[in-house]
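Q: Below are the chains, spelled out letter by letter.
Number of protein chains: 2
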Amino acid sequence: MFNHKVGQQKLAHKRMASSTHPSAPCAACKFLRRKCIQGCVFSPYFPPEDPLKFTNVHKIFGASNVSKLLNEIAPHRREDAVNSLAYEAEARLKDPVYGCVGAISVLQRQVLRLQKELDATNADLIRFSSNQNMLTIPQSPGNYPQNPHALPPNYGNYSWNYNP
Amino acid sequence: MFNHKVGQQKLAHKRMASSTHPSAPCAACKFLRRKCIQGCVFSPYFPPEDPLKFTNVHKIFGASNVSKLLNEIAPHRREDAVNSLAYEAEARLKDPVYGCVGAISVLQRQVLRLQKELDATNADLIRFSSNQNMLTIPQSPGNYPQNPHALPPNYGNYSWNYNP
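First to last, the sequence lines map onto chains A and B.
In this text, residue positions in the first sequence follow my numbering: the first is 1, and each later residue adds one.
In this text, residue positions in the second sequence follow my numbering: the first is 165, and each later residue adds one.
Just so you know, the hints here were simulated from the structure itself, not pulled from any lab data.
One should not assume that every hint holds.
[Said to hold, decoys possible] In silico lysine-lysine, BS3-like type, Cα no more than 27 Å apart, as pairs:
#1 A:K116 to A:K68
#2 B:K258 to A:K68
#3 B:K223 to A:K59
[What the hints assert, rightly or not] Partial selection, computed: residues in chain B whose CB lies under 8 Å from chain A:
#4 C204
#5 G226
#6 L233
#7 R241
#8 D244
#9 Y251
#10 V261
#11 L271
#12 V275
#13 D288
#14 L289
Built from N, CA and C at the ideal position, the CB exists for glycine as well.
Next comes chain A alone, as it looks inside the complex (with noise of 0.2 Å):
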């Protein structure tokens, strides 16, 4: 009986080996010292040359948080999925207090300066044409109507002061 449980092991372990990937462990099971097997969720996506990407993300959202959301989306999306957690995380470590929200915040304020140029540059483009008695504006490629207000949606009721 006791042989036969060792003979179980041993074939149960020899089971394990063969599953586990054929070249090194990714970031991921390297870091959380597990095997990393046939079908590992991060091993695509958290290459082993590449440590810091599997240690940032898991810093702040956590292998467990990351391995259920890659396991919430289709498997071509996971990428893209990976590499936009991985800038949060980055931009978080940098910047605890805001993270990547401060980029929106910059990119806000950028577009509407750039908005409210525009509007002045086309107010002076109308006041020359109408010295001219001209009725129509020139129309180059690169004019076209903006909608100042196609601003990304402000989740919740959660605001900031940024001040960089």
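With chain A's structure known, arrange chain B on it following the hints.
A: This is chain B only, laid out in the frame that chain A set:
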């Protein structure tokens, strides 16, 4: 001896109770089913009236990571930090692949488009002023040089094909 132990337990419980919040527990402590003690790191930012704020943040970042992050931030900056985390969490729940990085992509493209449009309009203005043999372009308050490259940094080498 038994009675003495019971007495000690009662005293410990009494001490614990006296250090809990006088009002309702915060949304975090309610969700985590724990006592909301004085000085609870979540309490000022997760009021019981807005349970979703904590649920979202917990689902994406995990309560433990949020608690660690808050403890590393000066108290007067914690509200902004929590609100930016809540924004990110809500964006990730609405768009599991891109999260709020999707908003960054939209804004970056909007900035580039506006800059292109502004360049074209400025070129039209120059053309007008040349036709009128004017040496200068009328300056409006909005006309100041823009740097089209002043976009948020690209963290790491993580790219994504954002096609909403």
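Q: Are the hints correct? Go through all of them and say.
A: Cross-check of the supplied hints:
no.	hint	verdict
1	A:K116 to A:K68	violated, 43 Å
2	B:K258 to A:K68	holds, 15 Å
3	B:K223 to A:K59	holds, 15 Å
4	C204	violated, 20 Å
5	G226	holds, 4 Å
6	L233	holds, 6 Å
7	R241	holds, 5 Å
8	D244	holds, 4 Å
9	Y251	holds, 5 Å
10	V261	holds, 5 Å
11	L271	holds, 4 Å
12	V275	holds, 5 Å
13	D288	holds, 5 Å
14	L289	holds, 6 Å
Hints 1 and 4 from the list above are not met by this structure, while the remaining hints are.
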